Amino acid sequence: MKNILIVDDEQDIVESLKFVLEAADYSCCCAYNGEDGLRFAKEIEPDLIILDVMMPKINGYKISRLLKYDNKYKNIPILMVTARSQEEDKLIGEETGADEYITKPFDLDDVVRRVDKYLKG
Amino acid sequence: MIKILFISDREDKISEYRAVFSSGAYEFFAYTDEKIIGELVTDVVIVDSALPDVKSLCKKLKSKNAVIILLGDNFDKETEKFISAFLTENMTADWVISSVNVSLRVKNALNALSDTNKNLADSLYRLNVLYDTSSRFAGTLDKNKLIQYMIEGLDKSLSFSLACTLSFFEEPVLLLNSLYDLSEELVSSLKMRMALNYKSKFENSDLDVDSLKAVKYVKHPANKFTFSLLQQDSLFAPISLGDNLYGCIEIFKETPFTAEDTACFQTIVQQVSLPLKSAALYQEIIETNSKLEKLERLKSDFISIVSHELRTPLTSIKNSLDILLGGKCGKLEPSADKFITMAQRNVHRLGGIINDLLDLSKIEAGKMDFQFKQMNIHSVIEYVKSTFGGIAKAKNLNLTADETENLPYICADSQRLEQALTNLVSNAVKFTPEGKTITVKSSLINAEDIHAPECFAQSTERLHGEYILVTVEDEGIGLAEKDFLQAFDKFAQIENSLSRKAGGSGLGLPIAKQLIEAHDGVIWCESRQTGSKFCFVIPAAARTAALA
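As given, the protein sequences belong to chains A and B, one line each in that order.
Numbering-wise (our numbering), the first sequence opens with residue 1 and increments by one.
Numbering-wise (our numbering), the second sequence opens with residue 122 and increments by one.
Simulated from the structure, these hints should not be mistaken for laboratory data.
Please note: incorrect hints may appear among the correct ones.
[Said to hold, decoys possible] Derived pair list, reagent style SDA-like, types lysine to any residue, alpha-carbon separation capped at 25 Å:
1. 415(B) x 262(B)
2. 180(B) x 57(A)
3. 449(B) x 57(A)
4. 117(A) x 492(B)
5. 611(B) x 419(B)
6. 18(A) x 458(B)
7. 452(B) x 57(A)
8. 320(B) x 415(B)
9. 57(A) x 425(B)
10. 57(A) x 423(B)
11. 18(A) x 262(B)
12. 337(B) x 364(B)
13. 185(B) x 139(B)
14. 18(A) x 466(B)
15. 202(B) x 262(B)
16. 18(A) x 425(B)
17. 506(B) x 492(B)
18. 452(B) x 113(A)
19. 18(A) x 202(B)
20. 452(B) x 65(A)
Model, not experiment: these values are computed from the prediction.
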């Protein structure tokens, strides 16, 4: 079973993502802040990471950059989630190497489809 | 008493003339040579032409500004230039006296003429300075420059040795425009003097001498004024208009000021007060403007931040409802399904409002990016038509598109144009009852043929050339003509209960207006017998600048 790491300080959002992804036969690991997110990513080396941008301490951009510039982890797909939709933010997201960009409020089925694309496609 | 100087070496002539001028009206002096010229103070000089080298003697006397009368006819043309009259050897006493008197009168008249001329020249110069100064006043709204121009004008017309100007703008400052340098002690006493002047003029005012800043502008710093400067003649005036006091000025001059000087001084000082008032008002406007701009920016930022913050909890609610309605937690009872669907519908609506608010604040802050491309309006209309196809069918509405074929291309951001047209059609769908028709039309139109209602004239007037016209006609409740302008006003919409009843943020039209205007287009609405008609135009010509 493919393993997905969900990193978001909004527990409710993590919960709903976890629910639909598990229903779609993925196993999920959750982190509720940036530090844990980065640590878990390195420890468990998940098959895919769903990463929120706005988080205290280490934000999503930074985590993405740290992982994408590290040969050991650079192949893990990253789906960046944010409430922001400004073009400049998208540019920053692309620079940090995120593979996909999801804007809140998102459609759960759409998220599952995007995950499927990387892990089942 | 008229002083007569007689220069001759003939004793008989001297005594003869002494007798002629023996009356009390004259004072007679006789000399035999020219040695006395150095300290000569006299009204009339009578020179004996029998003296050697009369010409050079007359030339020397001329520089003393006296009336020169020659005795005898022994002179050349050269000499004639220097003399006012001549007397013959055997003239009677009466003739001599009248000759002297006539010459004196002519001389005095000439002097008076020359004085008048000089005064005229002075007045002309002052008038020029006044004119020049007032032109300079009219050319600026900078308070400091106005004060500077006033001082320069005063200097040119009155040539003061020192001007002390107290100006109250941000803080009181004493400007010292001086011919020579001023010692610290002199500056302190000038401050004190100004403070006293000021307090005596404006009783209830307060001026702290210790904290008063003095700024010196010295023309010739090599020299220094002493305290005797304070004994020079001075003029003082407040710079004020009505109740507004802008400052005070005092100028010093070595020679006494004349009445004309005083008038000139007052004119210039009064002239500066009106532009100073304008400058003060102008500055106020600038400050208010920048405050308003800041407020507008804060509002925009506030909306943006709040909207982002709203999106996160909204996502959680939406996700939970989606999971429940998707049957992932088991099948729902029909009544539960009904209410959860209702919640989902309203979450969707809330999301729409937040997006509208964000869009509007983004456009207003100039942060919205437009990707202009050459495109056909047809694709936009098709897209919107297909988007609303399902909804129109569900509401039993007849949504048709009536397009002119082969329309010229437009230069537009397809996504933004779709958004604008979506907003128009969405309103039409909302307000049109079942079974009725909504028509979207497109055509080519010349600016001269655009006839929008009067209230949109300001926008449509500036149009010229060819445009693509898109109209959305519905058979709904329509719009009263007095509400036309309000329909596109975001502030009016927020208070509009109709839009709330119909759902949506009510920001659809204001957003559409902003989007169309970003395309150099104009949007308006018209009355119909039933329903309303919304129209917009986009320039048909390609905008190469935007493409580059």
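For each hint, the structure was consulted:
1. 415(B) x 262(B): Holds - the C-alpha atoms of residue 262(B) and residue 415(B) are around 23 Å apart, at most 25 Å.
2. 180(B) x 57(A): Status violated; Cα separation ~103 Å.
3. 449(B) x 57(A): The given pair, whose Cα atoms are some 35 Å apart, is violated under the 25 Å limit.
4. 117(A) x 492(B): Violated, because 29 Å separates the two Cα atoms, which is more than 25 Å.
5. 611(B) x 419(B): 17 Å, holds
6. 18(A) x 458(B): 23 Å, holds
7. 452(B) x 57(A): Measuring from Cα to Cα gives roughly 42 Å; hence the hint is violated.
8. 320(B) x 415(B): Since the Cα atoms of residue 320(B) and residue 415(B) sit roughly 40 Å apart, the hinted pair is violated (cutoff 25 Å).
9. 57(A) x 425(B): 23 Å, holds
10. 57(A) x 423(B): Holds, because 24 Å separates the two Cα atoms, which is no more than 25 Å.
11. 18(A) x 262(B): 66 Å, violated
12. 337(B) x 364(B): Violated: residue 337(B) and residue 364(B) sit about 29 Å apart, past 25 Å.
13. 185(B) x 139(B): Given that 25 Å is the threshold and the Cα spacing comes to 23 Å, the pair holds.
14. 18(A) x 466(B): 24 Å, holds
15. 202(B) x 262(B): Measuring from Cα to Cα gives roughly 58 Å; hence the hint is violated.
16. 18(A) x 425(B): The given pair, whose Cα atoms are some 29 Å apart, is violated under the 25 Å limit.
17. 506(B) x 492(B): 22 Å, holds
18. 452(B) x 113(A): 23 Å, holds
19. 18(A) x 202(B): 122 Å, violated
20. 452(B) x 65(A): 43 Å, violated
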